[in-house]
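K.L.:
Here is how the chains run, residue by residue.
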Amino acid sequence: DAGVIQSPRHEVTEMGQEVTLRCKPISGHNSLFWYRQTMMRGLELLIYFNNNVPIDDSGMPEDRFSAKMPNASFSTLKIQPSEPRDSAVYFCASTDQGLAKNIQYFGAGTRLSVL
Amino acid sequence: AQSVTQLDSQVPVFEEAPVELRCNYSSSVSVYLFWYVQYPNQGLQLLLKYLSGSTLVKGINGFEAEFNKSQTSFHLRKPSVHISDTAEYFCAVSPRSGGYNKLIFGAGTRLAVHP
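Here the protein sequences come in this chain order: A and B.
Quick note: the first sequence uses this note's numbering, first residue 3, plus one each step.
Quick note: the second sequence uses this note's numbering, first residue 299, plus one each step.
Honestly, the hints are just simulated from the structure, not real lab data.
The beta-carbon is built from N, C-alpha and C at its ideal position, and this holds for glycine as well.
A few of these clues could be false.
Claimed, not checked - In silico DSSO-like links for lysine-lysine, alpha-carbon gap of 30 Å or less: (1) Lys-400/B - Lys-367/B; (2) Lys-26/A - Lys-400/B; (3) Lys-356/B - Lys-367/B; (4) Lys-367/B - Lys-26/A; (5) Lys-400/B - Lys-80/A; (6) Lys-367/B - Lys-347/B; (7) Lys-80/A - Lys-70/A; (8) Lys-356/B - Lys-70/A; (9) Lys-70/A - Lys-26/A; (10) Lys-347/B - Lys-400/B; (11) Lys-80/A - Lys-26/A; (12) Lys-400/B - Lys-356/B.
As the list claims (entries may be wrong) - So these bits of chain A aren't anywhere near chain B, every CB distance computed over 10 Å: (13) Glu-13; (14) Glu-20; (15) Ala-90; (16) Gln-106; (17) Gly-111; (18) Arg-113.
With the hints as extra help, turn the sequences into a complete structure.
P.N.:
As structure tokens, this is what we get:
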């Protein structure tokens with residue numbers, strides 16, 4: 003299996019622009035997580051999907067952030083409008099909640115820089 | 299609620315020396331325990347896990363960890379480190395109860411192996 007695939011790996015944009023991050027989970031996994039990693043705050047869980055349905059979005063920082071999972075093999079995290087404080091590495095992870103005992107498999111991340 | 303404390307933010311060590319990275323957790327329920335490793339510019343990779351059974355668990359790359367329930371600890375050890383072990387290490391816990399259970403991560407320990 004190719005693992006969790008994220009794109010793009012790097013994104014540089016200007017403040018106010020829309021940013022869309024993409025994630026393809028491991029085939030057969032039924033749960034997907036979006037995390038944000040910064041030096042100041044460490045790893046933060048933004049949102050969790052189970053069977054394509056958002057279950058817990060309490061970590062989404064504000065209305066500028068939105069996430070979708072239209073099918074079992076694709077998810078997006080959108081920031082609109084972007085701000086410099088959104089600069090971070092964004093990770094996607096997936097798991098099979100039933101079998102995997104909460105072992106999450108992470109993608110390589112998207113490094114976002116908002117100028 | 300659960301919390302994870304990694305007692306050292308940075309651990310410098312010379313090559314071929316032993317190392318221990320400390321992790322303590324707090325939880326009112328039983329938990330699964332994990333160590334993840336993050337190499338520079340990469341996502342998190344599962345190093346080892348404690349789900350049940352023997353309290354001494356072995357992982358990849360020669361690492362092992364011991365679950366101590368009375369001390370609520372899950373310290374990571376390696377008898378002889380290599381330059382390639384330089385990375386950030388994250389301890390994480392997840393409640394054992396059924397349903398959605400997110401991973402709670404510690405702040406991370408940066409291991410720097412020097413020649």
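K.L.:
List, from low to high, the hint numbers that the structure doesn't satisfy.
P.N.:
When the structure is compared with the hints, numbers 4, 8, 16, 17, 18 turn out to be violated.
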